[in-house]
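S.K.: Whenever a hint applies, use it, and build me the whole structure from the sequences.
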Amino acid sequence: MFDITLLWSAMPALLDGAWLTLKLTGCVILLGTTLSIPVALCRNAHLRWLRAAAHAYVLFFRGTPALVQLFLLYYGAGQFDAIRHSVLWPLLRDPFWCVVIALGLNTAAYTGKTLGAALAAIPPGTREAARMLGLGRAPAFWLIDLPLAARAALPAFGNEVVLTCKATALASTVTLLELTGSARLLTSETYAPYEIFLAAGLVYLAINYILMRGMRTLEASLNRSH
Amino acid sequence: MDTLHGFGGQLLLGALVTLQLAATALLLGTLLGAGICAMQLSGRRALQAVGNGYAAVVRGIPDLLIVFAVFFGGSLTLAALTGRYVEIDTFVAGVVALALSFGAYAAEIGRGALQSVPRTQREAAGTLGLSRLQTLWTVVLPQAARLALAPFGNQSIVLLKQTSIVSIVGCDELMRKAAEASGATREPFTMYLATACIYLALTGLATLGLEWAERRAARPLAS
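The listed protein sequences derive, respectively, from chains A and B.
Number 90 in our numbering belongs to position 90 of the first sequence; there are no gaps in the numbering.
Number 195 in our numbering belongs to position 195 of the second sequence; there are no gaps in the numbering.
Careful, some of the hints might be misleading.
[Said to hold, decoys possible] Far from chain A by the CB rule (all over 10 Å, computed), these chain B residues:
#	residue
1	L16
2	G35
3	F72
4	Q121
5	G153
6	G204
[Claimed, not checked] From chain B, some residues computed to sit far from chain A (all C-beta separations above 10 Å):
#	residue
7	L13
8	R44
9	E87
10	R132
11	L149
12	T195
[Said to hold, decoys possible] Here chain A is said to cover these stretches of chain B; the calculated rule only asks that three of the stretch's residues, wherever they fall, bring their Cβ under 8 Å from a Cβ of chain A:
#	segment
13	58-68
14	174-187
Keep in mind the hints are simulated off the structure, nothing from the lab.
C-beta: ideal position from N, C-alpha, C; glycine also.
M.R.: As structure tokens, this is what we get:
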């Protein structure tokens with residue numbers, strides 16, 4: 001039968017898991033957003049091979065499941081002695097960083113695509129005006145182009161944040177006890193899947209509701225007229 | 001030399017199961033989505049609340065959690081019903097979980113498309129003497145279908161990729177075959193890279209098909 005007290009008693013353990021979910025989401029978003037800038041720049045580059053490389057990168061990460069990307073890194077990297085003896089090995093041996101790198105590369109492909117389109121949509125006059133004011137190419141990019149493009153890409157980015165939070169559930173497949181992983185462990189201990197998965201679902205809903213609200217607020221504050 | 005150590009056939013067999021999973025979940029999920037969408041647009045407050053609530057809840061939780069809930073919850077329900085321990089079929093559990101998730105997205109896509117058809121179209125059809133059902137079938141749905149095609153297609157491609165998580169509960173699809181091959185050959189990178197290429201080919205073909213359908217749907221209407 002459904003046992004509501006069990007739902008409550010599972011909460012402390014699930015909230016521990018939720019904390020790891022949040023940490024993963026934060027690190028993935030940080031890495032993904034940072035990487036999305038070079039991806040977006042390369043997609044709009046004049047050099048053909050840079051554009052081709054960026055397109056191939058986006059094609060691979062958008063065309064394959066995130067789970068394959070994660071397993072390719074977590075299980076696959078150990079196949080090569082060169083990697084096992086390199087300085088990167090302590091990082092790649094750690095499931096936490098594997099998830100952050102794999103999902104970070106994944107979300108960078110999605111965000112890079114939107115950011116690239118947003119950059120390409122900036123009217124050339126804006127850039128010319130910046131040049132006329134004596135701004136160099138780099139300052140013009142950081143001060144004019146990127147803020148404008150970021151504002152245009154923000155709604156899609158908000159969705160990406162929620163998708164990333166949900167994607168961190170994959171971390172449970174590489175031994176991490178984040179929210180889904182803790183729920184899975186708790187069900188095998190209590191054998192009460194209804195209560196525990198319902199409780200975990202409620203925590204996810206709460207997290208994603210807050211994330212979505214936060215992104216809406218950010219959008220509204222950035223879009224107000226100056 | 002065979003770089004896949006004879007596991008190529010197994011991977012292709014897995015890809016076949018992946019396609020079956022995706023196709024079945026797509027069909028069931030679309031039916032579910034149509035039902036949820038009908039509730040959302042029914043105009044009855046209670047039904048609307050259920051429809052909107054379903055779409056919001058399911059889109060807010062990870063698919064993997066839904067897969068676990070269906071698999072373990074389903075096994076427990078079956079055990080309670082039959083009085084003995086039965087392990088639920090992983091393919092069925094996978095299809096149900098993926099369809100539950102896809103239905104929520106499909107409902108939102110359908111709702112958005114139907115609401116984008118201008119109200120005047122419905123009014124004009126009514127003036128011409130068409131019944132509500134005729135209006136829906138011959139006037140509103142054809143226009144909404146065009147609008148829904150691109151997002152629906154994209155969500156179907158997401159579904160195709162999401163079938164990989166069903167391997168976690170042991171469904172014998174592509175990802176599971178890759179894990180088995182990795183364990184047997186101790187060459188996980190090779191196996192998962194080959195798997196990634198198969199997924200890439202599948203999503204690539206689906207994308208080309210979708211682009212073709214979009215071009216067709218964008219043709220001007222016959223006058």
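S.K.: Against chain A, does B:R132 hold up as non-interface, every C-beta pair farther apart than 10 Å?
M.R.: Given that every Cβ of chain A is farther than 10 Å from that of B:R132, nearest at about 34 Å, it holds.
S.K.: Is the coverage entry for the segment 58-68 of chain B by chain A consistent with the three-residue Cβ rule at 8 Å?
M.R.: Coverage by chain A holds here, the residue count being 7 at a Cβ distance below 8 Å.
S.K.: Per the stated criterion, does the least C-beta distance between B:R44 and chain A lie above 10 Å, as a non-interface residue requires?
M.R.: Answer for B:R44: holds, closest chain A Cβ roughly 24 Å.
S.K.: Please check whether the beta-carbon of B:L13 is more than 10 Å away from every beta-carbon in chain A.
M.R.: 17 Å, holds
S.K.: Is B:Q121 truly not at the interface, in the sense that its beta carbon sits beyond 10 Å from all beta carbons of chain A?
M.R.: Answer for B:Q121: holds, closest chain A Cβ roughly 28 Å.
S.K.: Would you say B:T195 is clear of chain A, with no C-beta pair closer than or equal to 10 Å?
M.R.: 6 Å, violated
S.K.: Evaluate the condition: distance from the CB of B:G204 to the nearest CB of chain A exceeds 10 Å.
M.R.: Given a closest Cβ separation of 6 Å, the condition is violated.
S.K.: Would you check whether the claim that B:G153 is not at the interface survives, using Cβ distances to chain A and the 10 Å cut-off?
M.R.: 14 Å, holds
S.K.: Would you check whether the claim that B:L149 is not at the interface survives, using Cβ distances to chain A and the 10 Å cut-off?
M.R.: Answer for B:L149: holds, closest chain A Cβ roughly 19 Å.
S.K.: In terms of Cβ atoms, is chain A entirely out of 10 Å range of B:E87?
M.R.: The claim holds: B:E87 sits with its nearest Cβ about 13 Å from chain A, beyond 10 Å.
S.K.: May I ask you to check that B:L16 keeps its beta-carbon over 10 Å from the closest beta-carbon of chain A?
M.R.: 17 Å, holds
S.K.: Just want to verify: B:F72 was marked as not at the interface with chain A; is every Cβ pair farther apart than 10 Å?
M.R.: Violated, since 4 Å does not exceed 10 Å.
In summary, the structure is inconsistent with hints 3, 6 and 12 from the numbered list given earlier, while agreeing with the others.
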